[in-house]
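Model the full assembly from the supplied sequences, consistent with the hints where possible.
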Amino acid sequence: MDIVDLQSFYSDDLGKVACKMITRTIGERWPDLTGYNMLGLGFATPYMQPFKDEAAQTFAFMPARQGVMRWPDTEKNCVALIDSASLPLEDSSIDRILVVHGIEMSHRPRDYLREIWRVLKPDGRAIFVVPNRTGLWARADKTPFGHGRPFSQNQMLQLLKDNMFLPIGWSGALYIPPSKRDFILKSAPAFEKFGLWARAGLGGVSIIEATKQVYALPPMQGLRKKKLKDIIIHQRDCGTSLRDKQDEV
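Position 136 of the sequence shown, counted from 1, bears residue number 156 in the numbering used here, the numbering being contiguous throughout.
Warning: the hint list may mix true and false statements.
[What the hints assert, rightly or not] Below, a list of computed lysine-lysine pairs in the BS3-like style, where the Cα atoms sit at most 30 Å apart:
(1) Lys213 <-> Lys162
(2) Lys96 <-> Lys141
(3) Lys213 <-> Lys96
(4) Lys36 <-> Lys213
(5) Lys141 <-> Lys206
(6) Lys141 <-> Lys72
(7) Lys96 <-> Lys181
(8) Lys213 <-> Lys200
(9) Lys162 <-> Lys40
(10) Lys181 <-> Lys40
(11) Lys206 <-> Lys96
(12) Lys72 <-> Lys206
(13) Lys200 <-> Lys40
(14) Lys200 <-> Lys141
(15) Lys141 <-> Lys162
(16) Lys162 <-> Lys200
(17) Lys40 <-> Lys206
(18) Lys36 <-> Lys206
(19) Lys72 <-> Lys40
(20) Lys36 <-> Lys162
(21) Lys141 <-> Lys213
(22) Lys200 <-> Lys36
(23) Lys72 <-> Lys200
(24) Lys40 <-> Lys141
(25) Lys206 <-> Lys162
(26) Lys96 <-> Lys36
Derived by calculation from the structure, the hints in this document are not laboratory data.
Here is the structure:
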C-alpha cells in the first residue's frame, strides 16, 4: 500500500472514524506531551495532529518504499522520506515515538525496531499500532490494516521483548466492522465502548506502549549509519531545528 492509498483511506469517512477511535486511545496513554519531542513513523501523521501544538516538537519520517506527503497541510513541512533501517537521528534523542502502518509493513522488522530503540531516550516511550491478527480489519484489504503482517497480542509482545523493549500497556481499538455503512459509522462509539468493556480480543488493532531496556545491546560494528543531509525542520513550526550531515559510525 503506497502513499496514495493511505491518503485516500484517511480522507474518507471510514478512515476518519478509525483515526478518531485510535487517536483517542493514544491520547489516554499520552495525556500531556508538554515539553516532549514526538516522532511519527510509518504513516502516523493523521494521528499526530492533536499533539502538534502541545508537544515541543513534532515531526515524522515515512519509508521510501511507501512514499511521502507533506504535513501539516497549511504550514511548513515536518516530514522526511527515509530508510527505516537507518533513522537520521542521534542516539537517545526522542521522547515519544508513534509507529502506525510501520512494523507490519516492514520487510526487516527487527532492524526497524533496533533503530527505534536506538533513538528513543532511556526514559522515553513508544506506541506501536498494529493490525490484530484475530480482528476483522486484518482481513479487510481495502483498508491499510488489511495489508502487511498482522500480529496477535502475544506475537507483538514477544517481538518487542526480543528487541529490548519492555511493554508497559496494551489496548484494543477498532471494534467496529470495517464497513462504510452509515449505521456502522454512526454507531462507532457504542462499538468501541462495548469492545473495551468486554475486553474482547476482536479489536481491529492492538495499541502497545513500551519503554526501552537499556542493557545488553550488542555493538553495531561495521554499519554505516546515514544521516539526514538536506532536511531542515524550522523552529517556528516544528520546534528545535534538526540538521544532520552524513557521516559514518
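Hints breached by this structure: 3, 5, 7, 11, 14, 15 and 21
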